[in-house]
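J.: Sequence:
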Amino acid sequence: MTKLAESNIEAALANLPGWSVVDEKLHREYKFPDFVHAFGFMAAAALVIEAMGHHPEWFNVYHTVKVDLTTHDAGGITGKDIELAAKLEAIAKKLLS
Numbered sequence: 001m002t003k004l005a006e007s008n009i010e011a012a013l014a015n016l017p018g019w020s021v022v023d024e025k026l027h028r029e030y031k032f033p034d035f036v037h038a039f040g041f042m043a044a045a046a047l048v049i050e051a052m053g054h055h056p057e058w059f060n061v062y063h064t065v066k067v068d069l070t071t072h073d074a075g076g077i078t079g080k081d082i083e084l085a086a087k088l089e090a091i092a093k094k095l096l097s
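49 is the number that the working numbering gives to position 49 of the sequence shown; each next residue is one higher, with no gaps.
Hints were generated in silico from the structure; no laboratory data involved.
Hints should not be assumed to be uniformly reliable.
[Unchecked claim] Ranges of calculated distance between the beta carbons of each label pair, as one might list FRET restraints:
#: 1; residue 1: 11; residue 2: 35; range: 31 to 39 Å
#: 2; residue 1: 74; residue 2: 51; range: 31 to 39 Å
#: 3; residue 1: 33; residue 2: 75; range: 16 to 24 Å
#: 4; residue 1: 39; residue 2: 11; range: 29 to 37 Å
#: 5; residue 1: 8; residue 2: 39; range: 19 to 27 Å
#: 6; residue 1: 33; residue 2: 5; range: 18 to 26 Å
#: 7; residue 1: 52; residue 2: 21; range: 14 to 22 Å
#: 8; residue 1: 73; residue 2: 36; range: 28 to 36 Å
Each residue gets a CB set at the ideal place from its N, CA and C atoms; glycine is no exception.
Turn these sequences into a full structure, and let the hints guide you.
T.: Structure (structure tokens):
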């Protein structure tokens, strides 16, 4: 995987509401109705994450899940991070609607 140019990242962010770049990583903070929904998101996401072989940095407290995505081998954000962000959005959308 090759690190994306800033312009490519900005273009991708246009299709990823709530995502931004923080400390050179894709970043998103999800707020769910309660802990069960937050944990459900993480459990559902874990299956997708493992299948991709691309693991996020994430943190959970009660109803909040913070996610940071970067490809360490490439030294920054790659297409794989964008792909995972989109998959996480799809999972969260089901739990937040």
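J.: Any hints from earlier that this structure breaks? Give me their numbers in increasing order, please.
T.: Numbers 2, 3, 5, 6, in rising order.
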